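Q: Protein chains in written order, with the working numbering: chain E, 1 to 199; chain Y, 1 to 303; chain V, 1 to 135.
For the record, the hints were derived by calculation from the structure and aren't laboratory data. Just so you know, these numbers come straight off a predicted model, no measurement behind them. There may be inaccurate statements among the hints.
[What the hints assert, rightly or not] Some chain Y residues near chain E, calculated using beta-carbon distances under 10 Å:
#, residue
1, 111
2, 113
3, 127
4, 129
5, 130
6, 141
7, 145
8, 161
9, 167
10, 168
11, 171
12, 179
13, 237
14, 238
15, 297
[What the hints assert, rightly or not] A short list of chain Y residues far from chain E (calculated; beta carbon distances all over 10 Å):
#, residue
16, 122
17, 128
18, 165
19, 286
[Stated by the list, open to error] Covered by chain E, according to a simulated footprint, are these stretches of chain V (three or more residues, beta-carbon under 8 Å):
#, segment
20, 54–65
21, 80–94
No residue lacks a Cβ here, since even glycine has one placed at the ideal position from N, Cα and C.
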Amino acid sequence: MIIAERKDLKQITEMLEGRKRVLVAGCRSCVSICHAGGEKEVAIMAEALRLKAEREGREMEVSEVAVERQCEKEWVRGIERQVAAGDIVLSMACVEKCGGCGDCVLHLTGGVCPIARCAKSLLNGPCGGSQDGRCEVDRETPCGWEQIYQSLGRLGRLDLLEVNIPPRSWLPSRSGGPRRTVRPSVAKGAEERAAEVRR
Amino acid sequence: MRSGSNLERVLESGRFAVTAEIGPPRSASSEAVRRKARLLKGSADAFNLTDNQTAIVRLSSMASSVACLQEGVEPVMQMTCRDRNRIAMQADLLGACSLGIRNVLCISGDHQTFGNQKEAKNVWDIDPIQQLMVFRQMRDLGQTWGGDGLEERPQVLLGAAANPFADPFELRVVRLAKKVNAGADFIQTQAIFDLDRFERFMGMVRERGLDRRTHIIAGVIPLRSANAARYMKAKVAGMRVPDEIVDRMSRATDPKKEGARICVETIDRLRAMEGVHGVHIMAIGWEEIVPEIVRECGLDHRP
Amino acid sequence: MSEPTIAMFICRNARAALTSADGTEMPLAGVQVIELPCSGRVDEVMVLRALRQGAWAAIVVACLDGNCRNLTGNYQARKRVDEVRSLLLQLGLGPDRVKMFSVASNQRAVLAEAVRKVMDEARERGPIRILEGDR
Chain E
1 MIIAERKDLK QITEMLEGRK RVLVAGCRSC VSICHAGGEK EVAIMAEALR
51 LKAEREGREM EVSEVAVERQ CEKEWVRGIE RQVAAGDIVL SMACVEKCGG
101 CGDCVLHLTG GVCPIARCAK SLLNGPCGGS QDGRCEVDRE TPCGWEQIYQ
151 SLGRLGRLDL LEVNIPPRSW LPSRSGGPRR TVRPSVAKGA EERAAEVRR
Chain Y
1 MRSGSNLERV LESGRFAVTA EIGPPRSASS EAVRRKARLL KGSADAFNLT
51 DNQTAIVRLS SMASSVACLQ EGVEPVMQMT CRDRNRIAMQ ADLLGACSLG
101 IRNVLCISGD HQTFGNQKEA KNVWDIDPIQ QLMVFRQMRD LGQTWGGDGL
151 EERPQVLLGA AANPFADPFE LRVVRLAKKV NAGADFIQTQ AIFDLDRFER
201 FMGMVRERGL DRRTHIIAGV IPLRSANAAR YMKAKVAGMR VPDEIVDRMS
251 RATDPKKEGA RICVETIDRL RAMEGVHGVH IMAIGWEEIV PEIVRECGLD
301 HRP
Chain V
1 MSEPTIAMFI CRNARAALTS ADGTEMPLAG VQVIELPCSG RVDEVMVLRA
51 LRQGAWAAIV VACLDGNCRN LTGNYQARKR VDEVRSLLLQ LGLGPDRVKM
101 FSVASNQRAV LAEAVRKVMD EARERGPIRI LEGDR
């Protein structure tokens, strides 16, 4: 089970810069349970993006969709047409094999996760043990950074590999202690609990 | 001068540098390090002390470095990202500098599953590029990564590793550039047997002008036997040993002599390459051959 | 657009505050009233949509604390209003465009005063512009 939290909208709108047809894609599994990427959150996200675009006088068509599980090809196949119609998909789920690190970098790594797929969770490229596309740990395991390289090549974004990614925050992962409910507007507050006891 | 180290002086003077590797023992005594240091004194400008190489517990690289200092030879302390988080790394850098260590090599480290305690939890809080960024900030801005000021800045020459024989090949030079941008003053490469591929790599390095922004020290390993050559070719991740080398080693009547000869020939070719500023000799468990190789190459009489 | 329009999301039980004892309705020029079965029905999407469709401001009117017929609807409404305000801030819009008021059904004057204040503020600010929150 994955626990998720929405990125700051400022960062998200920067990631969508210049895109005209956005598909906001939610997932009805893990991220729905923790109120970060289910149908409801997709609706809120889509509405927020529309509001910003319209107020800026920009043309942006935002559509919404939610699938049972984004991590399984069979389910994602059902929204192939919507994906093809847009020029970017804003996924509110984990899509990839997910390490649950809490600070997703998939937009920088061609949709392949370096945290989950690199044996050393390196953020700045493959270590010296990557050979013939395989990981040094096990010759049967593909090198995550080789996959990132291939994916960014297909997307024409090899330039992203030239940028040094500074030390990241592990606070949203286990390093921050046990997880808490992430969307404050759905967590039960003290006054609610008290009201329920009173009656 | 960033560090005032001997290695920095040699590199800055434009002389061809020589470094060599000393593997610390599985022991609470530093005597083995001291013995090797005495043996190798004068054969190289500085000596790398490995940090739990292949994830096997050994005398720490910091203690081994101090033993070298006490024997009057200069250490390059290796520090992996496998075993320390950023807090421990910064503390160890300060500690190392306080003890007189002036060269630190930032590396990711072999995965713990290579060692004999595979069940260990790894760290990799930061990667070697981020490690360089953190250490450079401490040295140049006098601040920890968290932003606290340091009473005394660490005077240190920062090194990093490069492996021209790993894949994807085109990405190797990109990663080197990232390390240079992050603050690598010198680079030590993986052992070179495939000189043609290394030539191509250096071509790309020069194209980007990286050889003028950092000092590239080319790695070599003297082979002791044909089996060692075969093992490295087949089993060691990120190594390339051409068949020609394996053949030469298997045909040789005195494999040790042949191995040393191949190493000398390799160093001669590396010295002729534009942008190579030194050589790093990794004679794992065969340190006594180093003085001979250095002499054969005419690289003895170190400053 | 010279005169502001505001969206008012109001709980069915608090709505009586819009009418005086003699049955006269509060003058609500420029106020679009959206009655909800409980303030707890309000959500982020509704408020954002109202702002997108031209409202200069949005207010959520709920019952007084402890007086919700559904126990906790007004508390839930408050959390969602807080969330919308946070979203507006992240989008570079002014979070004060969204406010919440708690009234009893007989507090007509209190509500009238609150509406008048929001109207005045909206008039002063003008229609929503992007990046106003960054100033």
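Q: May I ask which of the numbered hints given earlier this structure violates, with the numbers listed in increasing order?
A: Hints 6, 15, 16, 17, 18 and 20 are the ones this structure does not satisfy, whereas the remaining hints hold.
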